[in-house]
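Chains as they are written, first to last, in the working numbering: chain A, 1 to 453; chain B, 1001 to 1453.
Worth double-checking, as some hints may not be accurate.
As the list claims (entries may be wrong) - Calculated cross-link-like contacts (lysine-lysine; reagent style PhoX-like; alpha-carbon spacing at most 25 Å): (1) A/K154 - A/K127; (2) B/K1195 - A/K195; (3) A/K195 - B/K1052; (4) B/K1084 - B/K1052; (5) B/K1052 - A/K190; (6) B/K1154 - A/K195; (7) A/K154 - B/K1052.
These aren't lab readings, by the way, just hints derived from the structure by calculation.
There are 2 protein chains.
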Amino acid sequence: MTSSIFHSLLEPDIVQMIQGNDELGLREFCTALYPGVVAEILEDMEPEEAWKVLKHAPASTQGEIFPFFDISFQVKLVELVGDKPLSRIIEEMSGDDRVDLLERMDPDHVETVLRLVAQAERSDIRKLLSYPEYSAGSIMTTEYASLPADISVKEALERLRVQAPSRETIYYIYITDEGRHLLGFLSLRKLILAKPTTRLEEIMQRDVICVRVDDDQEHVANEIARYDFIAIPVVDNQNRLVGIVTHDDAADVMQEEATEDAHLLGAVQPLEDGYVATPFFELAWKRGVWLVILLFAASMTAKVLQYFDPGDGGTWMVLFLPMVLASGGNAGSQSATLVIRALALHETDGRVSWIAWREIRIGALLGAILALISFIVAYLMIGIQASMVVTLTVFLVVTVGTLSGAMLPLGLKRLGMDPAFMSNPLIAALSDMLGVVIYYSTASATVQLFTTA
Amino acid sequence: MTSSIFHSLLEPDIVQMIQGNDELGLREFCTALYPGVVAEILEDMEPEEAWKVLKHAPASTQGEIFPFFDISFQVKLVELVGDKPLSRIIEEMSGDDRVDLLERMDPDHVETVLRLVAQAERSDIRKLLSYPEYSAGSIMTTEYASLPADISVKEALERLRVQAPSRETIYYIYITDEGRHLLGFLSLRKLILAKPTTRLEEIMQRDVICVRVDDDQEHVANEIARYDFIAIPVVDNQNRLVGIVTHDDAADVMQEEATEDAHLLGAVQPLEDGYVATPFFELAWKRGVWLVILLFAASMTAKVLQYFDPGDGGTWMVLFLPMVLASGGNAGSQSATLVIRALALHETDGRVSWIAWREIRIGALLGAILALISFIVAYLMIGIQASMVVTLTVFLVVTVGTLSGAMLPLGLKRLGMDPAFMSNPLIAALSDMLGVVIYYSTASATVQLFTTA
Chain A
1 MTSSIFHSLL
11 EPDIVQMIQG
21 NDELGLREFC
31 TALYPGVVAE
41 ILEDMEPEEA
51 WKVLKHAPAS
61 TQGEIFPFFD
71 ISFQVKLVEL
81 VGDKPLSRII
91 EEMSGDDRVD
101 LLERMDPDHV
111 ETVLRLVAQA
121 ERSDIRKLLS
131 YPEYSAGSIM
141 TTEYASLPAD
151 ISVKEALERL
161 RVQAPSRETI
171 YYIYITDEGR
181 HLLGFLSLRK
191 LILAKPTTRL
201 EEIMQRDVIC
211 VRVDDDQEHV
221 ANEIARYDFI
231 AIPVVDNQNR
241 LVGIVTHDDA
251 ADVMQEEATE
261 DAHLLGAVQP
271 LEDGYVATPF
281 FELAWKRGVW
291 LVILLFAASM
301 TAKVLQYFDP
311 GDGGTWMVLF
321 LPMVLASGGN
331 AGSQSATLVI
341 RALALHETDG
351 RVSWIAWREI
361 RIGALLGAIL
371 ALISFIVAYL
381 MIGIQASMVV
391 TLTVFLVVTV
401 GTLSGAMLPL
411 GLKRLGMDPA
421 FMSNPLIAAL
431 SDMLGVVIYY
441 STASATVQLF
451 TTA
Chain B
1001 MTSSIFHSLL
1011 EPDIVQMIQG
1021 NDELGLREFC
1031 TALYPGVVAE
1041 ILEDMEPEEA
1051 WKVLKHAPAS
1061 TQGEIFPFFD
1071 ISFQVKLVEL
1081 VGDKPLSRII
1091 EEMSGDDRVD
1101 LLERMDPDHV
1111 ETVLRLVAQA
1121 ERSDIRKLLS
1131 YPEYSAGSIM
1141 TTEYASLPAD
1151 ISVKEALERL
1161 RVQAPSRETI
1171 YYIYITDEGR
1181 HLLGFLSLRK
1191 LILAKPTTRL
1201 EEIMQRDVIC
1211 VRVDDDQEHV
1221 ANEIARYDFI
1231 AIPVVDNQNR
1241 LVGIVTHDDA
1251 ADVMQEEATE
1261 DAHLLGAVQP
1271 LEDGYVATPF
1281 FELAWKRGVW
1291 LVILLFAASM
1301 TAKVLQYFDP
1311 GDGGTWMVLF
1321 LPMVLASGGN
1331 AGSQSATLVI
1341 RALALHETDG
1351 RVSWIAWREI
1361 RIGALLGAIL
1371 ALISFIVAYL
1381 MIGIQASMVV
1391 TLTVFLVVTV
1401 GTLSGAMLPL
1411 GLKRLGMDPA
1421 FMSNPLIAAL
1431 SDMLGVVIYY
1441 STASATVQLF
1451 TTA
């Protein structure tokens, strides 16, 4: 069954069960399906509704479902869950997943909840929380399978059965001494193929490829991808095994890094959450910073032009032509970059008018800020009347550029084409054409206005 | 041991072993280390040298090492390997990896080699080759572990031991009927935790999440990432299991798609190989196509400007100002995009001067082509003398823009900063400033030239 079928089949049933307060039915829904599928269906609801479903599940199931929610959805949910049930969920979540969540929660709330968490789990959490962000330590889990070197294959399999329920993976087994030093590695495949009487040290692979706990997370993801590993061991500087990073976390890191690079390339400060989940003013800030820097760079170009072409009489318009055009192109590149990356990550499904409305407002806000700065720059160079033309044009060009940068990729997608064809330079080229029309129309309108007055 | 240590330790030894023709030593080197590590060391050599090492390994080891090479390195290697040994390597490679290689080889060579491949493998290869590019079928492998529903856990483990050596993974087991219809799913973890007498149908998970053989590879990768799977089953339209896609192939697809989007966003036709591996003229073509399209778009802006500002006397320069500046910015955005993505994928390590020299030549070639087109466009609008200024400026701006777009990110990297800070709009802004200087200097130089003559 392909996963999208679940949605249409199940959503009406669940709404009915919530209305009828059918506790057994809701519990059955949470436990019978794969946790990732449950999360996907619940994430389409409001957090309040989702919790009405999830609260009927046992804590162990809640702990399995939680990590499949987007992190911003998890943060919203924990506000609705009481401290006691939340501490149970956190106990049940796997090591790396709960640290991801706790790092994003309000610190006071974290302290309150942690006090209710069992001692063993709590010290594990505090330790993982202490590793710096973006390090191997911050994405690893301590729930790895490990065995001593001097036992037989038969005994190893028996011990693995005991470890299995609480380990993130038992397919990679790490061989350690009493001091937890990493001695070797065995795959479960090799283990079940070996003779029961063989000792692990005879078949284990020595010289294990590992990473250090303070290595950058990008390095860890690259090592896993390069060697096609399911997990990679993490050691401290005494070569003691402290955790593992699994392939799924490595894939998440790769996606994050690709998103961060894409955003930076489009001159947006990287967003922590997705494009849709980022709040309005945070999004405006992360774009505005770069637009202002770029506006100052463009005003340098105006200065350079003034040196070559003093721009008296009608030709003052030339000085600010590159700045005006660049403002529209830059704003458009930002929107296009954000929307194209969000489309690739399937964040935007069916939200076209929501995006358009948000982009118009962000465009107007950013346009107003840039217009104000442009006014000051232009006033100092070319006087009041001319600078008003520049100011008004920058406002219009940025607003229109922002909106069309978001809408053109969505339009291409609707036509069945690759939205990424709407490249930054192409957006800039279209914006240039429009910018010229707006600039010269504004100028002649203003001239008429001043002449009439 | 972190992987980079292998290099410095082993490379001198290997060179010595090649010189001394130490067959046993080279064979030992190939078989003792993890195949991914062997591949990494060999890939730093010329293909001829690498084959001198690898030819001493048994075919099964060769088949394990081969897939870890970059695909363009694999293609170079197969030219050096005789048809008979190559057919053995292909027999030993896993299903999806060999198809990746065969799809990139010369079709005549493929036919010659396939005739030497064992019948069973050959028909498997032909079948996988028949799936369209970018489909689930094109990235799946047929080497999955499957079992019937009505056997006991004990018997299942025994059968798995038989299947294990030839399967891509045995950690996910698919339950099928005699017609290969997918009935359920079991993880090896669940299997070894179950009581030996339990029948599989009692513990298997029904409603398996799967993809169709003609689904897009991006969809497949997203499903694996969404549910944190190690593998996902692929079924045909009769729900018959035809293959699996594993997590490592999904990660590759995600990287490919991110690279493709990044290239498109920077207005480069996506490269099949990496930036470094792509030949000069192919790279020039994939950039030139977009630069020419963007030049025509910019010449429209010149037309629009001419409508508002007829540009007689000195002001003809204004008409082509946006086009001249955009050409430099676009060329620079392309280089920056390519270099930043290549840095993220660790393709460019230590090749700064090689990159600089290639970018100068590509910049000059693309500059010459764009200059020629600009000349025609400008000649039709503003006459011979003025158009020569435009032509010369476009050539210089594109050459300098291309080079600096590549060098600025490498410089940031050298300073320990994130190279992606050199965003497309920032490159365009810097290029604008430089473009103005070049444009006006060229103009005044040309005027002097014509005045003197």
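If you draw a straight line from the CA of B/K1084 to the CA of B/K1052, is it 25 Å or shorter?
-> 16 Å, holds
When you check the alpha-carbon spacing of A/K195 and B/K1052, does it fall within 25 Å?
-> 36 Å, violated
Below or equal to 25 Å on CA atoms is what counts here, so check B/K1154 against A/K195.
-> 16 Å, holds
Would the pair A/K154 and B/K1052 pass a check requiring their Cα atoms to be no farther apart than 25 Å?
-> 42 Å, violated
Distance restraint between A/K154 and A/K127, which requires alpha-carbon spacing of 25 Å or less | 34 Å, violated
Agreement of B/K1052 and A/K190 with the hint, judged by alpha carbon distance not exceeding 25 Å = 30 Å, violated
Restraint status (C-alpha distance of B/K1195 to A/K195 at most 25 Å) = Judged against 25 Å, a Cα distance of about 21 Å means the pair holds.
Violated hints, in rising order: 1, 3, 5, 7; the structure is consistent with all others.
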